[in-house]
Every structure is written in structure tokens, then in C-alpha cells.
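Given these sequences and hints, build the entire structure.
Chain order of the listed sequences is D and R.
Okay, so the first sequence: first residue is 1 according to this note's numbering, each after it adds one.
Okay, so the second sequence: first residue is 145 according to this note's numbering, each after it adds one.
Don't read these hints as lab results, they were simulated from the structure.
The calculated SDA-like cross-link candidates involving lysine to any residue, where the alpha carbons are at most 25 Å apart (straight line), are:
1) D:Lys139 with D:Asp30
2) R:Lys223 with D:Asp30
3) R:Lys223 with D:Ala90
4) D:Lys79 with R:Arg191
5) D:Lys139 with D:Ala19
6) D:Lys79 with R:Asp174
7) R:Lys223 with D:Met88
8) D:Lys79 with R:Ala257
9) D:Lys79 with D:Arg130
10) D:Lys79 with D:Ala113
11) R:Lys223 with D:Val89
12) D:Lys79 with R:Glu148
13) R:Lys283 with R:Ile162
14) R:Lys223 with D:Ser2
15) R:Lys223 with R:Trp246
16) R:Lys283 with R:Leu219
17) R:Lys283 with R:Val209
18) R:Lys223 with D:Val46
19) R:Lys283 with R:Gly159
20) R:Lys223 with D:Ala12
21) D:Lys79 with R:His189
22) D:Lys79 with R:Gly198
23) D:Lys79 with R:Ala173
24) R:Lys223 with D:Glu31
25) R:Lys283 with R:Asp174
26) D:Lys79 with R:Val209
2 protein chains.
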Amino acid sequence: MSREAGCPLCEADGGVVIARTPSYRIVRADEPGFPGFYRVVWNDHVREFTDLDGAGRALCMQAVVEVETLIRRHLQPTKVNVASLGNMVAHLHWHVIARYDWDSHFPGAVWAAQQRTTDPARLQALLPHRDALEAELGKPARPA
Amino acid sequence: MSREAGCPLCEADGGVVIARTPSYRIVRADEPGFPGFYRVVWNDHVREFTDLDGAGRALCMQAVVEVETLIRRHLQPTKVNVASLGNMVAHLHWHVIARYDWDSHFPGAVWAAQQRTTDPARLQALLPHRDALEAELGKPARPA
Numbered sequence: 001m002s003r004e005a006g007c008p009l010c011e012a013d014g015g016v017v018i019a020r021t022p023s024y025r026i027v028r029a030d031e032p033g034f035p036g037f038y039r040v041v042w043n044d045h046v047r048e049f050t051d052l053d054g055a056g057r058a059l060c061m062q063a064v065v066e067v068e069t070l071i072r073r074h075l076q077p078t079k080v081n082v083a084s085l086g087n088m089v090a091h092l093h094w095h096v097i098a099r100y101d102w103d104s105h106f107p108g109a110v111w112a113a114q115q116r117t118t119d120p121a122r123l124q125a126l127l128p129h130r131d132a133l134e135a136e137l138g139k140p141a142r143p144a
Numbered sequence: 145m146s147r148e149a150g151c152p153l154c155e156a157d158g159g160v161v162i163a164r165t166p167s168y169r170i171v172r173a174d175e176p177g178f179p180g181f182y183r184v185v186w187n188d189h190v191r192e193f194t195d196l197d198g199a200g201r202a203l204c205m206q207a208v209v210e211v212e213t214l215i216r217r218h219l220q221p222t223k224v225n226v227a228s229l230g231n232m233v234a235h236l237h238w239h240v241i242a243r244y245d246w247d248s249h250f251p252g253a254v255w256a257a258q259q260r261t262t263d264p265a266r267l268q269a270l271l272p273h274r275d276a277l278e279a280e281l282g283k284p285a286r287p288a
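Written out as C-alpha cells, the structure reads:
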């Protein structure tokens, strides 16, 4: 496995691991105010999506699609945001984020300026649905 | 073709069209300070990436991969940013953006706060390379 010294995503999982394969892991990001914020993190230290071959890209996007599908099914967000940026940590990871028209940054990106304070009751109400999402996402029989 | 009244990406191309197929177009975004900022816009009005079937998703990501590949080849950015957000315009489009460590927002997202003023000479120097990129991207023989 390819690792780079000092890379935070080589040295740690980068969040609460919900699913893990030899190729990638799916983690819940620790981002307050965004209970449905997941990352698909490639295990090898690769910089860009196009550093993967076609089979790797397909596998990676299949995981992104699975997370988006389960976010829609369980969390019913206003919109799903998907992004691979990596300007800060150039180790391939896809953000897959449930966004709501009442969240702190909507309709801006989560990286943009905060627009409002989030109602804690709305966040709290999502937690049982998130548990159900994560139970389904964590099921075995995941392709390598 | 599915269209929605009032949707800016149903009513206009959304940028300078570099390539067009029956399924999608690739446009250069009008984003000052970011000369290598492209969007893959799905022609039909679909909201989420997972509203496409597997064949549509593969075709769409193949276009994203092609843009990223040509950005890397011709513009040699510090990092490529790829994102499908759609909070403002919920019509499927992928941003594919050449980022440089000297650009106005790096290492932040382009949607985050500006960090510096960009040197116009550096932007200018990219333009011939962008022309070469777009000549290659605009070549015919693109799968539908």
C-alpha cells in the first residue's frame, strides 16, 4: 500500500469508519452542524482522481454513489453535495454531504461563509435516520 | 429532452461551449481569476448524480475524467478540484477546476473567502495552454 509520511489520511482514518474495503473506507466526518457528512477515502496515497485507473475510478465512484443513494433514502436532504478538492490534504477523498435549506451554510458550499445558526432540534431529529443509514452502509459483502 | 422552466442551465449553456454531445456539454465557466474552470453540464434537467442510471453516470464521469486529464496535461495545476453541488442551480453539473497555489482562494475552495489578489501575468501565461487544452477537448468523435 502506498503511504506518504505526514499525510493525515495515511496516518489516520479521517473520521468514524462506517465501512472499509482493501481499496477505500467510508467515514463520517466530524463536521458540527452537518450530521450527514461522509467521506470516501482511497486507502492508497493518490493525489488526483485521474491517478486511479478505470477500474479504481469505477470502484471509487460506486462507493460515492452508494453513499449518495443512502443519504437520499434515509436523510432526505434538500440537495447532496459531492466534491473532491484536496487542496489542504492532497490524498484522494470524496466529500458526500447531505445539505438542507435550513443548514448553517445553505445555499452556499460548506466551505463558504456561514449564513445562519442551525436549529439543534433539526439536527437531533436526523440522528435516528443517520443510524439507519450507517447500519445499511456498514453491511458486509462489499466489493474490494 | 427534460427541461424545467426558469432553470438557468435549461435556458442557456452556462458558459462557452467547448464540446457538446446529445447527453452533456462541456463549458468554460466565466469565473475571473480561474482560467481553467470548466463545467460538465448534463443536458437533461436532472437534480442529483444518482438520478442518472449507471450508463449515464459512467458517461458523465468519463467527461469529468477527460476534462481533468486535459487540465493536468495542459495547465499543470497544483491540484484539480471536482465538485457537484447544485445548491443554487439544482441541475446536474460538475465543476472541474485547475487550482494553483498562487490563485486567489488557494488552499480554500473557490467558494470560500478570497485570500489574495492574483498576479495577472500568471493568469495571462496560462492562456496559450488553455487554447491547446480546448482544441483537444473540442475534437470530434465523442461518444453520445
